[in-house]
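Visitor: Here is what each chain is made of, one letter per residue.
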Amino acid sequence: MATTTATITLGSADLLSDNLSLSSTTTLYDAGTTTGLTQYEMGKVVVPSSDTPSILIDATAAGDDKAARVYVANKNTDETHYVVISMNGTTIGRLYSGDWMFIPWSQTDVSADVEIYCPAALSTTCEVEYVVFHQGKTFTAA
Amino acid sequence: MATTTATITLTSSDISDNNVSITNLNFLNKAGSTTGLDKTSGLRRRTLTATTSVDLIQLDHFQETGEVITENKAAKVYIKNLGTSTAEHVKVCIGQEDASADTEEIGRLYGGDWMFFPWAAVWTSADHNDNEDIYVIPSSADSVTLEWIVIYE
Chain R
269 MATTTATITL GSADLLSDNL SLSSTTTLYD AGTTTGLTQY EMGKVVVPSS DTPSILIDAT
329 AAGDDKAARV YVANKNTDET HYVVISMNGT TIGRLYSGDW MFIPWSQTDV SADVEIYCPA
389 ALSTTCEVEY VVFHQGKTFT AA
Chain Y
828 MATTTATITL TSSDISDNNV SITNLNFLNK AGSTTGLDKT SGLRRRTLTA TTSVDLIQLD
888 HFQETGEVIT ENKAAKVYIK NLGTSTAEHV KVCIGQEDAS ADTEEIGRLY GGDWMFFPWA
948 AVWTSADHND NEDIYVIPSS ADSVTLEWIV IYE
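These protein sequence lines map, in sequence, to chains R and Y.
Just so you know, the first sequence maps onto residues 269 to 410 in our numbering.
Just so you know, the second sequence maps onto residues 828 to 980 in our numbering.
Footprint (simulated), chain Y over chain R, 3 or more residues, beta carbon under 8 angstroms:
# : region
1 : 270-281
2 : 284-294
3 : 339-351
4 : 359-365
5 : 373-380
Keep in mind that the hints were calculated from the coordinates and are not lab data.
Note that the Cβ used here is the ideal one computed from N, Cα and C, for glycine as well.
Construct the entire structure; sequences and hints are all you get.
Guide: Written as structure tokens, this is what we have:
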């Protein structure tokens, strides 16, 4: 077992009339247990300019209804550049340059991939970093 | 304009031979600009006591109060399960109500878990069944409290 933690700090001095200061840490466990996740994959990719979503992280049967966690960050620096994140064809949202996201990932079926595209209208590519912490995956025969 | 930052730190000293240590600070800006997001739902809590689907973040609510979340922009959502049970979870889904084919389960928040993600917030009509709301479904009827905030434009 491993001990992996994820901490978020969300803060603003002027979004509200009083300070917003929120911090939370969670330990990444296997589903329904206090056993730490032991597997992860990470990478950096250049997402091509296209309006067709591609698979960033492939869902597999072994991950079905488990406790995977996904981190994705858009590493471009031009504030107008963004990628669109979707899952199973359902749009989640846009990650603009510098934005990151961290979500639990159920992989409810093998189509529940984490999908991404960098819109053609931007006429650019987008550098994206990602990490998935997981309980296991189905290997595909060579 | 407001200045709001979101920082994530992912660390592990034993998931592999070498430490995993990722830190990323982001300024929450409006879509395509360097101007900070300036609207928020405020930090809210909701306690659930049944295993039925609950429309946690309903776009119609924002529409009706005049605080429209502009769709396909840079809205961000934070949700935390304030429970302590690592055996029970709350499913977080996006899409139309009643677990229809158009609703996608993103993931499961066990006790203490949090998530932070961009939200397209696509509003289609005053019938909230047509909108890309955020739904939650507890795994147990035991009381569980969620904390959430939306920051948007």
